[in-house]
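Colleague: Below, each chain spelled out in residue letters.
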Amino acid sequence: MTAPTQGILVIVLAAAVALGFGIGGYRVWKLYRYMRLGWDEDRSDRPATRLRDELVIYLGQSKLFKRPYLVRGLAHALIFWGFLVITLGTVDLLLNGIFGLHVPGTETGLFAWTIDLFAIAVLASIALAGVRRMFFRPPTMHVAPGGYVILVLIGVLMLSLLVFESAGIAAELVKQGFTPPPLAGLFAPAVRGPYAHLVFAGAWWVHVLTVLAFAAYLPHTKHLHIVTTLPNVLFRSQRPRGALRAMADLEEQETFGAATMRDFSWKQHLDGYTCTECGRCSDQCPALATGKPLDPQKIVLDVRDLLLREGDLLMRDVHASGTPPAHQTETKPEELWACTTCAACVEACPVTIEHVDKIVDMRRFLAMMESAAPPEAQRALTNIERAGNPWGESREARADWADGLEIPTLAEKPDAEYLYFVGCAASYDRRNQRVAKALAAILRSAGLSFAILGREETCNGDPARRIGNEYLWQIQAQANIEAFDRYSVRKVITSCPHCFNTIANEFPQLGGRYEVLHALTLVDSLIKEGRIRMAREGPVDRGNVSGHPERTTSSVDLAGGREVVAYHDPCYLGRHNKIYDAPRAVMDAVPGVERVEIEPHHRERGFCCGAGGGRMWMEEQVGQRVNHRRIDQLRAAQADATKVASGCPFCLIMLEEGVGAKGLQEQVRPVDVLELVASRLEGSADASH
Amino acid sequence: MKVWVIAELKEGELRRVSLEAVAKATELGDADVLELHSDERASALAGATALAERARAGAPDLILVGATPAGRDLAARLAAKLGWTYLSECAQLWIEDGQAVAVRSMYAGKVRATVSGTLPAVVSVRAGIAQVADAAPPRPGSVQVAPSGEGLEFVRFEETKTTGTRVPLGEARVVVSGGRGLKGPENWKLVQDLADVLGAALGASRAVTDAGWRPNEEQVGQTGKTVTPDLYIALGISGAIQHLAGMSTSKVIVAVNKDPDADLLKIADYAVVADLFEFVPAFTEELRKVVARD
Amino acid sequence: MKLLVCVKQVPDSTVRVKVAGDQKAIVPEGVTWAISPYDEYAIELALEHKDANPGTTVGVITVGPPRARDALRQALAMGCDDATLVTGADVETLGGLATARALAKVVDEATPDLVLCGKQASDDDQGFVGQALAETLGWPHVAIVTKFVASDGGTEIWKEVEGGHEVWKASGPAVLTVQKSQKDPRYPSLPGIMKAKKKEIPEKDLASLGADLGGPSVEIRAMEPPPARKAGRVMKDGDPKALAAELAKLLRDEARVL
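These protein sequence lines are chains A, B and C, in that order.
Under numbering that gives the first Met the number 0, the first residue of the first sequence carries the number 0, and numbering increases by one thereafter.
Under numbering that gives the first Met the number 0, the first residue of the second sequence carries the number 0, and numbering increases by one thereafter.
Under numbering that gives the first Met the number 0, the first residue of the third sequence carries the number 0, and numbering increases by one thereafter.
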């Protein structure tokens, strides 16, 4: 197809291209320079994985297809793929128009058909999108006029494309030799005649000018994501999701955390450009859902907006610091402290924005520079510093839970194969001490060689790191690494996902590398290896597995020999570390347990219990308690469940509190999956001693 | 042995701890009771100045003061002024070989120590130092205190409006706390009556302050206040670690709960498994009798 | 205003103290040391004044063994401007009056407008040194202080009493012993901690101060380890009135808390 750019029109086209790309390009250049105000984070590790992610997430649009957005995801994917193909065509048009060249392959029937089909798909999708925004708008969606502008532009692009394709066929400007594609071929007859050339030229120019208008307009809107998603996915964090970014050389630094826009990395700024304002992160956020001031999308956009506002100032004056992002609005600190770091936002984001890292960087500023963490959180941190646990209980009492159980310490048994890192909750909280005892009984019955650190164990600093006090975390982590290395520890088991996460994913940042297993992963393999035998039938031994008689008022529902137990995914086991199946497999292996799910909020869409991100140590002042919402979800999804099982001591504490507060103690009891196993261990009366 | 007692008055009557101090003084030797009088409020410094003058003249061997906050303040300044041995907050006291020997607690109440110092000494004594004698105490002699001067003068008194808690929670010796087991704010009279008999501060679990049954200032726990009373009475509180963190170092813990599995019962020194609506009123009555008797 | 805070380093409140074999002292090994809690409130009060009145300087001093430097660093990290350690032989067995006299020498040299300290130290629980210091200096003192404000011709000082506060006015220098308040003492910022690490802490030798270190002191004859928390007595299955009577009796006679 020859372009209608004869004579002076070539100059016109060239000028239009220069203008369109010039305006757009200038904006892109500016945004690039603003982005480079951020520090130079190295995101070049693991190139092969990066490439794979690019193909799957960017090209494959994989993160669009999450429940409950399947149809919308498909619509977007079609628009995107269509856009890719059509862009190829656009490049061809421009090249052709100015230089008379063609991109190889664009003259084929295959190409013509592909374009045609995608044009139909795109038109259908944007029609859908337009109708939804105008007549069925969901309450959380905010549509700026720009949203409609884009839809109209895309519509015009597609229509003009179809028209000049049709006209092209009609005017026989198309190379013969292939069947005309469906839509274009459909309209071609309508355009026959002397006007075909004119129509062709007209539609061609409309199309090209619209493209150039697009090019100029795009970088001034969120639709820049079309372009920035490509690098944003390529340079996404390849750290394990639960691992926060390390801060090296704390001693040398003058400021800590995000004190200015320069303290975010270039990648964090790129996140801001890439936010499509789709609101999927907001949809999944447990804080927002329960009325807290936190909206993950707003966090991302506020940082972006601050950069756009202050970019010029910061570029002009290398000494200027601008507004601390944590103080950009008066409520910003509240918003930041409301986060449980559950990462539902990160999981949901189709363009791989890293909300949690931003929030923690701002928390680091508040906690370390301004000493402005919430007072109750500070107290927990002071307790960790002085007593090695957030509750301020005596160090000497750390191993008291094991009194009488004859569990060796590493000092007594240095050649033990596994270190069971008990954690603060199981060491000091009475409810969770029962879980530690249950695990000990299970490990014993499986004949595993293990020991504990006893009084040499101290908090691994996870709450400190999530609250933003990196310094305290480093001190605590180092203390544990030193203790581990003193005994040449290689393998570590924990019953707490927070301990698991920091020891497995974050200790390596300080040189501590161990083989770390969450108890449920280990128990799953032990069961599969046949090393754990559970009683098939009969009443559950409610006696002394954990040293306590269980509540006599709530009995195991053995009607038909089953109890219905719902599984609650702990965020730091599930979403952060992708351990969804092992706990479920363990539950399924326990005789008499029928596992049910808290749908749709399970697995990757699990709803937080509210304790993460250091929030266990903070008060909820506004809205509904996150853990109460979780109990509501449980009751709505599985009113018949007599127990709710999880694999985390904090989930257990929160679920217990929620059940208690709602007076549901008789209807549903929170337990740990390990307790389900331990209560059925064969010969369990002996197993605990 | 000449023992002086500096008496403290409340609403015109000698405070109970002063009466006990008098009893102790009588046990140890010849007791003389002194009362400070001044036209306006006098500072501890002014009191100490006046008393020191008297003491240098009268040369007692021992001066006892009840270990109330005011008493301890006065006693400390007086001891420093006189250059005498100072023993503070003694639970027991006797004389041995010309020394004052006492039992007192140290390390924020975690250790019981027997200590001694040479006479003459100023000693502040805790409630319970001795049984109050049945006989009426000797008439207190008066010591006139010049209130102002010495670089310090009284300006005014500011009253604190407290809601509910009559005794401040922070340093209370006895705390009575209520939890969800009380079923509703309308039942708090039970808690208040018991607290009144004991002169205790009111505490509450987070569940009830969240529910709005009690003001936030009463919350005892990890995110509320930490208390270290001699006696902590928990009514209808289950005892999750968040609450324990606020009161586990109390000297004596009494827990009343209908649920025999409640965690607080497991760490209590006296765990009462009973319906608190029946138990607490009866307990309040019994305590009324005990307190009146003493 | 120039403020001076006197602090003492004591075992941290979470430490379960162990009594040594000779029963005369606690076992120092394994003890986490911290600034005595009431002293922390004194530092906080001084720093709040500094926040509100720029130009205020806050110095901190302690009389103690070399490890007490850590307490001073903590105070510097919280925001104090300078710190001095008074140390020497036998400093750990120094009596209250002697400590006060040693402090008085340093105060004389420093000439602050006010001296603050906690109302009592969490090791001996005495509540004496503040008053003794005031006496040695010949200054007035106010105890159980929760607030102070500089005013015309002096300082207004709030003293906590039953039912409220007495407001006193000191026309010149005074010693304030500080009570716990609703607001926790500030947690030091990381820049504060880093700066404090590098700050020099001058040392003064106890003996060379020229203070009279004699005078009466309290001798510890014996220390009893804290009673192990015995298993509680469970009372149930009875008529509530009977249980109530029994408990009242136990609290009075056995626990002796009534």
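These aren't lab readings, by the way, just hints derived from the structure by calculation.
All values reported here derive from a predicted model rather than from experimental measurement.
Careful: at least some of the hints might be erroneous.
Unchecked claim - Rough simulated footprint, nothing fancy, chain B against chain C, three-plus residues with beta-carbon under 8 Å:
#	region
1	45–51
2	64–71
3	80–91
4	105–115
5	133–139
6	142–156
7	190–199
As the list claims (entries may be wrong) - Residues from chain A that keep clear of chain B, each with C-beta distances beyond 10 Å, as calculated:
#	residue
8	Leu87
9	Ala195
10	Ala379
11	Trp390
To be verified - List of simulated lysine-lysine pairs, DSSO-like, C-alpha gap at most 27 Å:
#	chain 1	residue 1	chain 2	residue 2
12	A	Lys577	A	Lys642
13	B	Lys160	C	Lys168
14	A	Lys297	A	Lys412
15	B	Lys160	C	Lys240
16	C	Lys240	B	Lys188
17	B	Lys250	C	Lys17
18	C	Lys146	B	Lys182
19	B	Lys265	A	Lys642
20	B	Lys224	C	Lys182
21	C	Lys235	B	Lys182
22	B	Lys224	C	Lys179
23	A	Lys661	B	Lys160
24	B	Lys250	C	Lys168
25	B	Lys265	C	Lys240
26	B	Lys224	B	Lys257
27	B	Lys224	C	Lys229
28	C	Lys168	B	Lys224
29	B	Lys188	C	Lys235
30	B	Lys257	B	Lys160
31	B	Lys257	C	Lys146
32	A	Lys661	B	Lys250
All residues carry an ideal CB built from backbone N, CA and C; glycine is no exception.
Colleague: Verify the proposed pairing of lysine 240 of chain C with lysine 188 of chain B, using a straight-line Cα cut of 27 Å.
Modeller: Cα-Cα ~18 Å, so holds.
Colleague: Do the alpha carbons of lysine 297 of chain A and lysine 412 of chain A lie within 27 Å of each other, as the hint requires?
Modeller: Violated, at about 53 Å.
Colleague: How does the region 80–91 of chain C fare against chain B when you require at least three residues with a CB closer than 8 Å, holds or violated?
Modeller: violated (count 0)
Colleague: Within the assertion that chain B covers the region 105–115 of chain C, do at least three residues meet a Cβ-to-Cβ distance smaller than 8 Å?
Modeller: With 0 residues close enough to chain B, the hint is violated.
Colleague: Taking 27 Å as the top limit, are the C-alpha atoms of lysine 160 of chain B and lysine 240 of chain C close enough?
Modeller: 36 Å, violated
Colleague: For tryptophan 390 of chain A, which was marked as not at the interface, is the minimum beta-carbon distance to chain B over 10 Å?
Modeller: Violated: least Cβ distance 4 Å, not greater than 10 Å.
Colleague: Compare the distance between the alpha carbons of lysine 224 of chain B and lysine 182 of chain C with 27 Å, and conclude whether the hinted pair is satisfied.
Modeller: 11 Å, holds
Colleague: Does lysine 168 of chain C lie within 27 Å of lysine 250 of chain B when you go C-alpha to C-alpha?
Modeller: Violated, because 38 Å separates the two Cα atoms, which is more than 27 Å.
Colleague: Three residues or more, CB to CB closer than 8 Å: is that satisfied between the region 45–51 of chain C and chain B?
Modeller: That given contact is violated, which follows from only 0 residues of the region 45–51 of chain C lying within Cβ reach (below 8 Å) of chain B.
Colleague: Could you grab the alpha-carbon distance between lysine 160 of chain B and lysine 168 of chain C and see if it respects the 27 Å cut-off?
Modeller: Status holds; Cα separation ~23 Å.
Colleague: A cut-off of 10 Å on Cβ-Cβ distance, and alanine 379 of chain A was said to be off the interface with chain B. Does that hold?
Modeller: Alanine 379 of chain A not clear of chain B: closest Cβ-Cβ about 8 Å, inside 10 Å.
Colleague: Is it true that the CA of lysine 661 of chain A sits at most 27 Å from the CA of lysine 250 of chain B?
Modeller: Roughly 32 Å between the alpha carbons, so the hint for lysine 661 of chain A and lysine 250 of chain B is violated.
Figure legend: structure checked against the earlier numbered hints; hints not met, in rising order: 1, 2, 3, 4, 7, 10, 11, 14, 15, 18, 23, 24, 28, 30, 31, 32.
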